[in-house]
Every structure is written in C-alpha cells, then in structure tokens.
Amino acid sequence: MVAPRYWLLKSEPEEFSFDDLWRAPRRTTAWTGVRNYQARNYLRDELAVGDGVLFYHSSSDPSGVAGVARVVRAGYPDPSQFDAAEAGHDPASARAAPRWFAVDVRAEQKVAEFVSLERLRGEPRLASMGVLRRGNRLSVQPVSGAEWKLVLALAGLS
DNA sequence: GCCAACGTTGGC
DNA sequence: GCCAACGTTGGC
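Counting along the first sequence from 1, when you hit position 140 you're at 138 in our numbering, and nothing is skipped either side.
None of these hints come from the bench; they were simulated from the model. Treat the numbers as computed from the prediction; the structure is a model and nothing was measured. Beta carbons: idealized from backbone N, C-alpha and C, even for Gly. Do not take every clue at face value.
[To be verified] Simulated restraints on C-beta separations:
1. G133 - A82: 30 to 38 Å
2. R123 - A82: 31 to 39 Å
3. K108 - R135: 23 to 31 Å
4. R135 - P89: 21 to 29 Å
5. S126 - A94: 33 to 41 Å
6. G120 - D88: 36 to 44 Å
7. A144 - R93: 37 to 45 Å
8. T26 - N134: 26 to 34 Å
9. S57 - E111: 30 to 38 Å
10. R93 - D59: 34 to 42 Å
11. R123 - S91: 36 to 44 Å
Start from the sequences, fold in the hints, and give me the full structure.
Printed below as a string of structure tokens:
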C-alpha cells in the first residue's frame, strides 16, 4: 500500500469551477487540456487513484481553494489533443505516442470555508507551498501531507 | 546550443 | 489592464 499523495489542481472558475464539478455526472470530470510538460509528467506518471486533490480557483476574485476532490482514474492520453475542434488540439501529437495526458477526478467535499490565497499566505507553515511562490504557473502541483492537513483545517474540513 | 522574440499565466 | 515570471519557438 503506497501512502496517499496530494495534489493541487488549478482551474479558472469561469471555465470550470468546483461547483461545476459538483454538479457533473457522478461528480466526475476528465482533467483535460493541460499543455505544460512538467504538469504533463505529473499527470502521466505520478497522480494515482485515491490521491487527494485541492481544487484551486485561479485568475479569480478571490483565488483560492474551493473544494476537495480525488483522483479516480490515473493518467491516460488526453483525447482533446486529437480533436481539431478543441482548443487543446495538437496536430503534432500522434495517437501511437501521445504527448498530453489527463486524469479523472471526482469531487469529494465542498469547503466549509473558502480558503483564499490571502488566507494561505497568512499561514506561515504553508510558506513553501508551490501555489504561493512568486511567478508560479504550474497548474498541477504536489502538496505535502502536512500542507494538505493544514489546508483542510483552514477549510473547516476534518 | 544560444538567445531574442513571442505567448501565456495569473496576481494585483 | 498591467506586468512579472516563465515556457516555447525559431533564426543563427
């Protein structure tokens, strides 16, 4: 049994919010459209079924953690890269050697209290969280077990 | 392989 | 809307 691991996934709520996920069939969605190699590597190689997910609203007012989700399907080729109608279409990616990957995530708990970026910054023990680092743009980030616990506590979840 | 130009992200 | 940070592209 591998220890559970934790991640932070960013989404712009105007595109897809935690409430959108909550209302989705089986509260589940395919996390597609990631087009950054470092994030791709995490999706393809690291995220495992059962891993915890902090659902982070970016480019939002306020930005912050809106919910908790879980990985329910590990990395698989992102279908949107092969679809000419999709914004994430990548003509250079071949089905035999896909370049981009997706996972499926299921919403698990709404936060009792939204954890704003300001609130995250106010917790010294979260100072090393990736999402707080200046210039950070990575949309898939690992979260430590200690950070996970703290953020859930700030969110009013057990 | 270098690096300038360009595009994107995301907080403010 | 601005702009810092940073990834990608392409000329050389």
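Results for each hint:
no.: 1; hint: G133 - A82: 30 to 38 Å; in the structure: holds (33 Å)
no.: 2; hint: R123 - A82: 31 to 39 Å; in the structure: violated (47 Å)
no.: 3; hint: K108 - R135: 23 to 31 Å; in the structure: holds (26 Å)
no.: 4; hint: R135 - P89: 21 to 29 Å; in the structure: holds (24 Å)
no.: 5; hint: S126 - A94: 33 to 41 Å; in the structure: holds (40 Å)
no.: 6; hint: G120 - D88: 36 to 44 Å; in the structure: holds (40 Å)
no.: 7; hint: A144 - R93: 37 to 45 Å; in the structure: holds (41 Å)
no.: 8; hint: T26 - N134: 26 to 34 Å; in the structure: holds (27 Å)
no.: 9; hint: S57 - E111: 30 to 38 Å; in the structure: violated (21 Å)
no.: 10; hint: R93 - D59: 34 to 42 Å; in the structure: holds (40 Å)
no.: 11; hint: R123 - S91: 36 to 44 Å; in the structure: holds (40 Å)
In this structure, the hints that do not hold are numbers 2, 9, in rising order.
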